[in-house]
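*Asks:* So the sequence lines, in the order shown, correspond to chains A and B. Numbering-wise (our numbering), the first sequence opens with residue 95 and increments by one. Numbering-wise (our numbering), the second sequence opens with residue -12 and increments by one.
In case anyone wonders, no lab produced these hints; they're calculated from the structure. Each residue gets a CB set at the ideal place from its N, CA and C atoms; glycine is no exception. Be careful, since some hints might not be right.
In the SDA-like style, the derived pairs of lysine to any residue whose C-alpha atoms are separated by at most 25 angstroms in a straight line are [said to hold, decoys possible]:
#	chain 1	residue 1	chain 2	residue 2
1	A	K193	B	F227
2	B	K(-9)	A	G113
3	A	K193	A	V137
From the structure, some residues in chain A lie toward chain B, with a derived Cβ separation under 8 angstroms [unchecked claim]:
#	residue
4	W100
5	G113
6	H122
7	C126
8	T128
9	F145
10	P150
11	P157
12	D163
If you want the building blocks of each chain, they are given just below.
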Amino acid sequence: MSVLPWATAAWLFAVGIYGVISSRHYVHLIGCLTVIQSATYVVLLSVGYRFGSVAPIFYTRPPSTPAVDPVLQALVLTDIVVGATVTALLLALTLQVHKKRGTVNPERLRPLRK
Amino acid sequence: MTRKVRLLIAALCALLIAPAIAVMILRMPSFGHHPLPYGDAINHATVAERHVTNMVSAVNFDYRAFDTLGEELMLVAAVTGTLVLLRGRRGESVSDRAAQAGSRPVCERSEAVTLACRLFLPLIVAFGVYVILHAQLTPGGGFQGGAIIASGALLLYLGESYRLWRRLVRAQLFDRLEAAGAIVLVLCGLLPMVRGAAFFENVLPLGQTGALISGGLILIENAGVALAVTAGFVLLLVEFLEETRAAADGEES
Chain A
95 MSVLPWATAA WLFAVGIYGV ISSRHYVHLI GCLTVIQSAT YVVLLSVGYR
145 FGSVAPIFYT RPPSTPAVDP VLQALVLTDI VVGATVTALL LALTLQVHKK
195 RGTVNPERLR PLRK
Chain B
-12 MTRKVRLLIA ALCALLIAPA IAVMILRMPS FGHHPLPYGD AINHATVAER
38 HVTNMVSAVN FDYRAFDTLG EELMLVAAVT GTLVLLRGRR GESVSDRAAQ
88 AGSRPVCERS EAVTLACRLF LPLIVAFGVY VILHAQLTPG GGFQGGAIIA
138 SGALLLYLGE SYRLWRRLVR AQLFDRLEAA GAIVLVLCGL LPMVRGAAFF
188 ENVLPLGQTG ALISGGLILI ENAGVALAVT AGFVLLLVEF LEETRAAADG
238 EES
């Protein structure tokens, strides 16, 4: 079962990429982008995991208790926060595209010309 | 490029890359059994070194505070970009005016919704403050707590009215709060240098392990991050909700 976490991450990444390629709507495309991003959460947390250990919080336990890797968890925290705000930025861009071009279908958009 | 061609190219690329990915997956370190040297070093040293019990906060706000500064500035940049895009067309001058609901029918809120929102708003805000204050002890911190408080603020809109939400949540105040949060974090990095310490070195007294006020600079950095995240998320909510309103007279829609 040791390949399951990595395979899950690869699957999430592939599904997200397929969604981006075949997207007909920018909001859908941004959703697919967050699916791709969630693959990185799975990889990071799986790398930091260790069987038979606790969360890296030593409020009620001595620091010698085996615990999972806090560095990877801090990375995932960063990942999630930045992902949320960048999603907001992308959605704002989508609104802008809709106002200027009247469509949010990537296939209908042509390069801007003067 | 048509959709069919694009999918065909993607399928070809996938066929090329798939074996490489399969090999990579099979050769990854065995899940749950491989060594974690950095994490172990932090787990063993931090409680004695920094007097905090939440290792994730210690990594975020002390050992790698420099990276958190980058993350925080990225967040502020993304929020600013969103505000510029959404507010730009409406104009800065109207950013603080309550909007009309426009052509949407104004639905009467059921009393149950209003009651639930009034009950839960203070609870959610209190929980958010708790999560922020206990970052150095238990799971939580400025990022998580800030997001909780911002989502609690949305209950004002859900339970009361759009007008009240806009009256209480002043966009220009939150603009300043967000900047203040970022400035607090930058100062936490720069001020230790005045004393001859390194950037973001924890120069404050560390306090007693397990106490609410412990961890020195971690507490203040955390407050700065909480301020910036709360204000940033609230501003995003304000601006996206503004998008649904109707334009007032003489305004670009």
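*Asks:* Taking the hints in turn, state whether each one holds.
*Replies:* Now for the hints, and whether the structure bears them out:
Annotation: proposed proximity of K193(A) to F227(B) holds, straight-line Cα distance about 14 angstroms (limit 25 angstroms). Restraint check for K(-9)(B) and G113(A): the C-alpha separation of about 14 angstroms stays at or below 25 angstroms, so the hint holds. Distance check on the hinted pair: K193(A) and V137(A) sit about 38 angstroms apart at the alpha-carbon level, beyond 25 angstroms; violated. Taking 8 angstroms as the C-beta cut-off, the interface hint given for W100(A) holds, the closest approach to chain B being about 4 angstroms.
For G113(A), the shortest C-beta to C-beta distance to chain B is roughly 11 angstroms, which exceeds 8 angstroms, and the interface hint is violated. Taking 8 angstroms as the C-beta cut-off, the interface hint given for H122(A) is violated, the closest approach to chain B being about 14 angstroms. Evaluation of the C126(A) hint against chain B yields a violated restraint, the C-beta minimum of about 13 angstroms exceeding 8 angstroms. Here the hint on T128(A) is broken, as its CB sits about 14 angstroms from the closest CB of chain B, past 8 angstroms.
Annotation: interface hint on F145(A) holds; nearest CB of chain B at approximately 4 angstroms, less than 8 angstroms. Using the Cβ-Cβ criterion of 8 angstroms, the hint placing P150(A) at the interface with chain B is satisfied: the shortest such distance is roughly 4 angstroms. Interface hint at P157(A): satisfied, since its Cβ lies 4 angstroms from the closest Cβ of chain B, which is below the 8 angstroms cut-off. Hint on D163(A) holds. Least Cβ distance to chain B is approximately 3 angstroms, under the 8 angstroms limit.
Going through the hint list in order, the structure does not satisfy hints 3, 5, 6, 7, 8.
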